[in-house]
Amino acid sequence: VDIDWEWPGAPGWSQHPENFVDPVNDKANFTALLAEFREQLDEYGASQGKEYLLSSYIPVNPTVINAGWDAPAIFDSLDYGNIQGYDLHGGWSPNLAGHQSNLHDDPTYTGEISVEQGIDLYLSRGVDPQQITLGIPAYGRGWTGV
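Just so it is clear: in the sequence shown, position 68 is 52 by my numbering, and no numbers are missing.
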């Protein structure tokens, strides 16, 4: 089972009417949701003589990580997290063009998001590197008028 909750507690997402973001409770609720899934999967797996994996789509943006991901606590429930190493820049970023999946920070650029930065944040919080997988894009983005 792969859980894709975009993005619990994340600032800026609540202004969209189709999104319900609770910046106070989302982090705890997401952690509890994963723990409940883990418990139920383990119980069901034991009854079937099988082991089931639990993963989650996880952000690379430090602001979003801090808002909704209790790392390393969520990794007690997850077998691994699929880090979003893409869509770092796009049409939703007004007046900003940048590589949509930049691996490293560029000190001359103010985009402030990179795959390396996100992974380093998870590792600094004690997440086992073997529990992180990296999603990479098989597509590109383009800009006009820049």
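It is possible that some hints are incorrect.
[Stated by the list, open to error] With beta-carbon atoms standing in for the labels, derived distance ranges:
#, residue 1, residue 2, range
1, THR92, GLN24, 14 to 22 Å
2, SER77, LYS34, 22 to 30 Å
3, THR47, GLY110, 17 to 25 Å
4, SER77, GLU23, 44 to 52 Å
5, PHE4, ASP112, 29 to 37 Å
6, VAL8, SER108, 20 to 28 Å
7, GLN32, GLY75, 39 to 47 Å
8, THR92, ILE120, 21 to 29 Å
9, LEU37, VAL130, 16 to 24 Å
Everything labelled a hint here was simulated from the structure, so no lab data went into it. Just so you know, these numbers come straight off a predicted model, no measurement behind them. Each residue gets a CB set at the ideal place from its N, CA and C atoms; glycine is no exception.
For each hint, the structure was consulted:
1. THR92 with GLN24: 14 to 22 Å: 48 Å, violated
2. SER77 with LYS34: 22 to 30 Å: 43 Å, violated
3. THR47 with GLY110: 17 to 25 Å: Cβ of THR47 to Cβ of GLY110: about 20 Å, so the range 17 to 25 Å holds.
4. SER77 with GLU23: 44 to 52 Å: 39 Å, violated
5. PHE4 with ASP112: 29 to 37 Å: The hinted range 29 to 37 Å holds for PHE4 and ASP112, with Cβ atoms some 32 Å apart.
6. VAL8 with SER108: 20 to 28 Å: For SER108 against VAL8, whose Cβ atoms are near 25 Å apart, the range 20 to 28 Å holds.
7. GLN32 with GLY75: 39 to 47 Å: Hint holds: Cβ distance 45 Å, inside 39 to 47 Å.
8. THR92 with ILE120: 21 to 29 Å: 24 Å, holds
9. LEU37 with VAL130: 16 to 24 Å: Since LEU37 and VAL130 have Cβ atoms about 42 Å apart, the given range 16 to 24 Å is violated.
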